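Those protein sequence lines, which keep their order, are chains V and Z.
Just so we're aligned: the first sequence equals residues 1 to 239 in my numbering.
Just so we're aligned: the second sequence equals residues 1001 to 1239 in my numbering.
What the hints contain is simulated information worked out from the structure, not anything from laboratory work.
Do not take every clue at face value.
Stated by the list, open to error - Keeping only pairs whose Cα atoms sit at most 25 Å apart, straight-line, the calculated DSS-like set for lysine-lysine is: (1) V:Lys-33 / Z:Lys-1189; (2) V:Lys-178 / Z:Lys-1189; (3) V:Lys-216 / V:Lys-178; (4) Z:Lys-1189 / Z:Lys-1216; (5) V:Lys-198 / V:Lys-216; (6) Z:Lys-1178 / V:Lys-178; (7) Z:Lys-1216 / Z:Lys-1178; (8) V:Lys-198 / V:Lys-178; (9) Z:Lys-1178 / Z:Lys-1033; (10) Z:Lys-1178 / V:Lys-216; (11) Z:Lys-1178 / Z:Lys-1189; (12) Z:Lys-1033 / V:Lys-178; (13) V:Lys-161 / V:Lys-198; (14) V:Lys-33 / V:Lys-161; (15) V:Lys-161 / V:Lys-189.
These figures come from a predicted structure and were not determined experimentally.
Number of protein chains: 2
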Amino acid sequence: MIFRQFFDATSSTYTYLLASRPGGEALLIDPVKERLADYTTLIEQLELRLVHAIDTHTHADHVTALGDLRDATQCTTIMGERSRAECVSRRVGDGEILCVDGIELCALYTPGHTDESFSFVLGPVAPRAVFTGDALLIRGTGRTDFQGGDPARSWDSIANKLFRLPDDTTLYPGHDYKGWTASSIGEEKRFNPRLAGKTESEYIALMNNLNLPTPKMMDIAVPANLACGQPAAAARPQG
Amino acid sequence: MIFRQFFDATSSTYTYLLASRPGGEALLIDPVKERLADYTTLIEQLELRLVHAIDTHTHADHVTALGDLRDATQCTTIMGERSRAECVSRRVGDGEILCVDGIELCALYTPGHTDESFSFVLGPVAPRAVFTGDALLIRGTGRTDFQGGDPARSWDSIANKLFRLPDDTTLYPGHDYKGWTASSIGEEKRFNPRLAGKTESEYIALMNNLNLPTPKMMDIAVPANLACGQPAAAARPQG
């Protein structure tokens, strides 16, 4: 399998490229608009055909490359079924499986950071991994104070969905801010400081008192991402 | 196998942690002094025993954590046999194999970036990978204008050693400056702009005309690294 993790230093975002073989079909998870050339260059060099570009949720800290990738490669643009981005061409439901050239990704509805966040579980044949977006981070969790965020739903998604994956499932998050690139479900159960040894009510109190500033990019990123990263194109008269 | 890649954003350095299993022995490649707590925290959480801390070469852009890791864990500190760092406790020669709990790393003398640079090849049972330090980067190569650097030796190390590894060998470099985390030997053969389709003399001319500024950290990092990252300790009277 071809697996690549890209890091966008501006927003500390991880993007993932998966393909089963050189010359085969590929998918991207959480691509960043400003890094479009990186993805298209590597896809061309490996002679891949991008079939799916997926956003785990409507990002507030960077603009998605979904629309630009669709224009460049004719790929399907995918989000979860609760997404408000009318531009996406496929909406997946909880438990739905995306197949790409032998790679299976199972969509898992994991709201809490936003009300429309999905994770994607790789398996069952490949080394098991989960791409969590901002639902679960390495030793952290995504904030729950905007876009329908809800700490109780975040707790439920983590405790009752993500933490029911096998402990040795590799965790690939949507961000990391201190240079860690992966973890595992077992590690986060034991060592995530917001979760390990905490009750649901303690977690909710903690998340409700983070007092984080609004993301710098939010007023630009959210409307842009609801147009798949192409707000100008969306605003143009159709016809 | 446990495999973790860490990124130090200040120097764009990648550090690698390898272990065969939770609770077993581990090794680190190119650890950064300022990130010591990250390594020791994860090692403790995974109940690993660090047995080797390895520097691929004497870094000029960041200070190594080798000495601090030795003090914290009693690990062996390892560099190639041409290293001028008197503090290291083991010097490996070309072709020498380091074994850690079933993981085999073969030392490969790959001078050119410096005259004492080694790469380390993971295999033969595990998914094959090579940790190249600055000998070969993703779509680039380490500069050759200080510390005994030599573009002809860099060409020889890449063309006649690293490029003789199987094409599907994963390349884990010592740095990346644009957010790419891995490549493969086959990819670099075909797409490294300094190497693909180039002759040795073209490569040498290119490397001799990079006109790069001296690394900001060089006057601090090189003497510090010759003391395993503990210049003050080295300066203290012994006995």
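Checked hints:
| no. | hint | result |
| --- | --- | --- |
| 1 | V:Lys-33 / Z:Lys-1189 | violated, 28 Å |
| 2 | V:Lys-178 / Z:Lys-1189 | violated, 32 Å |
| 3 | V:Lys-216 / V:Lys-178 | holds, 19 Å |
| 4 | Z:Lys-1189 / Z:Lys-1216 | violated, 31 Å |
| 5 | V:Lys-198 / V:Lys-216 | violated, 30 Å |
| 6 | Z:Lys-1178 / V:Lys-178 | holds, 17 Å |
| 7 | Z:Lys-1216 / Z:Lys-1178 | holds, 19 Å |
| 8 | V:Lys-198 / V:Lys-178 | holds, 23 Å |
| 9 | Z:Lys-1178 / Z:Lys-1033 | holds, 22 Å |
| 10 | Z:Lys-1178 / V:Lys-216 | holds, 22 Å |
| 11 | Z:Lys-1178 / Z:Lys-1189 | holds, 19 Å |
| 12 | Z:Lys-1033 / V:Lys-178 | holds, 14 Å |
| 13 | V:Lys-161 / V:Lys-198 | holds, 17 Å |
| 14 | V:Lys-33 / V:Lys-161 | violated, 30 Å |
| 15 | V:Lys-161 / V:Lys-189 | holds, 12 Å |
Hints 1, 2, 4, 5, 14, counting from the list given before, are not met by this structure.
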